[in-house]
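So the sequence lines, in the order shown, correspond to chains A, D and P.
Position 97 of the first sequence, counted from 1, bears residue number 97 in the working numbering, the numbering being contiguous throughout.
Position 242 of the second sequence, counted from 1, bears residue number 242 in the working numbering, the numbering being contiguous throughout.
Position 75 of the third sequence, counted from 1, bears residue number 75 in the working numbering, the numbering being contiguous throughout.
Do not take every clue at face value.
To be verified - If you want the footprint, here are the derived chain D segments under chain P, 3+ residues with CB under 8 Å:
(1) 60–70
(2) 88–94
(3) 108–120
(4) 186–192
(5) 227–239
(6) 271–283
Worth flagging that the hints you see were computed from the coordinates, not collected in a lab.
Glycine included, C-beta positions come from ideal geometry on N, C-alpha and C.
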Amino acid sequence: MAAKTQLLKVENAGIRFGGLKAVSDVNLELKQGELVGLIGPNGAGKTTFFNLLTGVYVPTEGSISLDGEKLNGLAPYKITKKGISRTFQNIRLFDELSVLDNVKVAYHSLAKHSIFSSIFRLPSHFSGEREMEEKAIEFLKIFKLEGSLHEKAKNLPYGQQRRLEIARALAANPKLLLLDEPAAGMNPQETEELMNLIALIREKFDLTILLIEHDMLLVMGVCERIYVLDHGQLIANGTPEQIRNNPKVIEAYLGEEVS
Amino acid sequence: MEIVQQLVNGISLGSIYALIALGYTMVYGIVKLINFAHGDVFMVGAFIGFYSITVLDIGFFPALLISMVACAIFGVLIERIAYKPLRNATRIAALITAIGVSLFIEYGTIYIRGAQPEAYPSGLVPLKSIELFGVKISGQSILILGTSLVLMVLLQFIVHKTKIGKAMRAVSHDMDAARLMGINVNNTISATFAIGSALAGAAGVIFGMYYTKIEPLMGIIPGLKAFVAAVLGGIGIIPGAMTGGIVLGVIEALVSAAGYSLWRDGVAFVVLILILIFRPAGLFGKNVREKV
Amino acid sequence: MNIFKQAKFFWTSIVLAVVFAVIMQFLIVGGTLNQFYVNTLFFIGINIILAVSLHLIIGVTGQFSIGHAGFLAVGAYASAIITMKLSLPFPVALLVGGLAAAVAGLIIGIPTLRLKGDYLAIATLGFGEIVRIVFLNIDYVGGASGMTVTHLTTWPWLIGCVVLTVLVIVNFTNSTHGRACISIRENEIAADAMGINTTYYKVAAFAIGAFFAGIAGALYAHNFYIIQPTNFGFLKSFDILIFVVLGGLGSLSGAVIAAILLTIISTYLQSYPEIRMVIYSLVLIVMMLYRPQGLLGTKEITSFFKGGKSAKGGVQHGSKNTVA
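Put together the whole structure using the sequences plus the hints.
Okay, structure coming up:
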């Protein structure tokens, strides 16, 4: 593996909705090729933090930069083009589109043919569309979804929908992949398959992955480093071993269970 | 003093908008539906008032009351027949249904009684105009303002001091939670339609008195403008609808006074688009974002 | 979808359209078709253009616009000015009508397309009304009494425009750009997260839809001898909306079929306008209660011949967002 260079740098980032500080003062760094977990009790602000990274929300304080380039205030689609792509906690596929078309949408920014050439069916339209189609089919093979290319996304079984969402996020060609509870609602066997898949794509695409997961054991198993968020603030950061023994983390989780 | 006179006219017209806007805003607040048929309930109210006065030979206030009761029933019927089955349908389906109901009432009325207009009888109530600081305020304006004010105060009382009002507020806040708390959601929604429609019916009778001419398509433009008023004040917010209606009425009166009376109908929509672009939650509303 | 098969289908449709156009031309010129049928045919053609152009905005991109008559009006008046005031030829009027409407689409689309659902619907409705009132107040175009316009719309121009509209919108929809629009309809937040410039595509769909509504306006103006602001009220917008909804939101062929059927029905009910509207409104209500997806749902008519291949389309069903 190449020398680990810094990919994502988050400095004092936060957001307030009206008077409410949903996330504040988050400092976080990811190095090229790392697989890092982000955990925390319900309502800790994990998804809000993802929304900050992807531009769904604009941070009201601090800065976020990818490869040294500042991302604050960019529209979500621009941030995606810069190299951050994500999945959603509640699956957001394009239900009425086929599996193939779902992935093709993510390839859209690579398309070279203009609206004009599509409307008048110029040669560049055909070559562009063919290239997208071939790429997408190749790609879906990795995810073992080539058997249901023309199936509508909404008709896939739940586990495959999750996989398709990851495939779609990867097709957008990210440097950093954000996974929001990818194992939610899966049985243990599906979860294990998913973890293997994540390991595989990380290797194959030289990815950096930030993973939100509710299930502590699972995160401990795969992640190299873990950040812990509680009440919108980072309370700990370290290896799984360090996190496991951190009294603040234990309190945050136990506190939740008691209440 | 011309300008003050125009202001008085604007407030009178605005209070009619406000009465209609209240129904829009209450219904939107509770079932998130733009009830396009609301303007037509207003029209039906005007006609019921007219027939009560001419056929039954009764006075203004009894006619107002009959019209309100009839419209309340009419509103509940519309809700039960057309909207209730769609409560879990898509927003687009509900909106299209509302448009359908609106067209049905308009053209159904034309089919039944023809498209010819009617003239409201004048001199129903002995009206004297008064002079205030050198401005002559017509008795009609006073009557309109007075009636609207009484109805709005009554509405505030119902919403904030009665059991059904509490239920309405609960359902508009969170329908599922309200149901779990033992509130009869269906009845509450029907009550909302009943109250909103009664106000529209009252507005119809008042409108008929003020402008004297009524016809089956009269509900369209005031209905749309009242909706603009509701959006202006912040849809779903009752004081917002009142303020929005009066503000819109005053703006229109001022535009007329400035000599652009042909543009008057356009102004409301310009206001609408501006408010939607710059402050979509309305004057009194809070911005709500979609959860991701 | 196989691209070569798609191309073959494309050329077959073109050839069929040309053959149909030539046959009809002979029937019209030869006088085999009486004036009543010719008029109905012209109505149908204009309504198909309107239905298909609105289909792009509502059915494909999922932006609920109910002010389409506004674009029709802009196209009608702009083209009438070209032929009647400036004495330029009809093709120029067609183009200018389309372009003027597209510009109107951009002007209204850029600020309002940030709005969602009901709010967008109301804003576009307001826009349609503003257009009508503006024309009502401009003396240059005759105010309330309107403009008289020479009859210049001929069958070749009409069928040419219909074919062009359908082709452009089908080609647009079946490309990466159309998929971008569909992804916005299906899930705007996810589309954004996949790198789709959602604003750009919403505005593009709006402008293309407006362009063809403007062309329809030019054909309309030069078919009816007179145009008045009252022709373009929101009842007209609802008429167009009904085509799209009845045909099935997301189905182009559905919109075309609905436009044809409803135009024929309303031609026969011409002398009973209120019955027509009562029937229309009842159909609309009953449809929403029992078959909200419309006649064809999201399918295209072609999919029935191809053995159930899944067609693109469908409306986003008011997805309930779970709490994150």
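Hints versus structure:
Only residues whose C-beta sits within less than 8 Å of a C-beta in chain P count toward coverage, and the stretch 60–70 of chain D has 0 of them, not enough to reach three; the restraint is violated. Counting residues of the stretch 88–94 of chain D whose beta carbon lies closer than 8 Å to any beta carbon of chain P gives 6, which reaches the threshold of three, so the coverage claim holds. Coverage of a stretch by a chain is defined here by at least three residues with a beta carbon nearer than 8 Å to that chain's beta carbons; for the stretch 108–120 of chain D and chain P the count is 4, and the condition holds. Counting residues of the stretch 186–192 of chain D whose C-beta sits closer than 8 Å to any C-beta of chain P gives 0, which falls short of three, so the coverage hint is violated.
Only residues whose beta carbon comes within less than 8 Å of a beta carbon in chain P count, and the stretch 227–239 of chain D has 3; three or more means the coverage holds. Beta-carbon proximity to chain P at under 8 Å applies to 5 residues in the stretch 271–283 of chain D; the threshold of 3 is reached and the given coverage holds.
Comparing the model with each numbered hint stated earlier shows that hints 1 and 4 do not hold.
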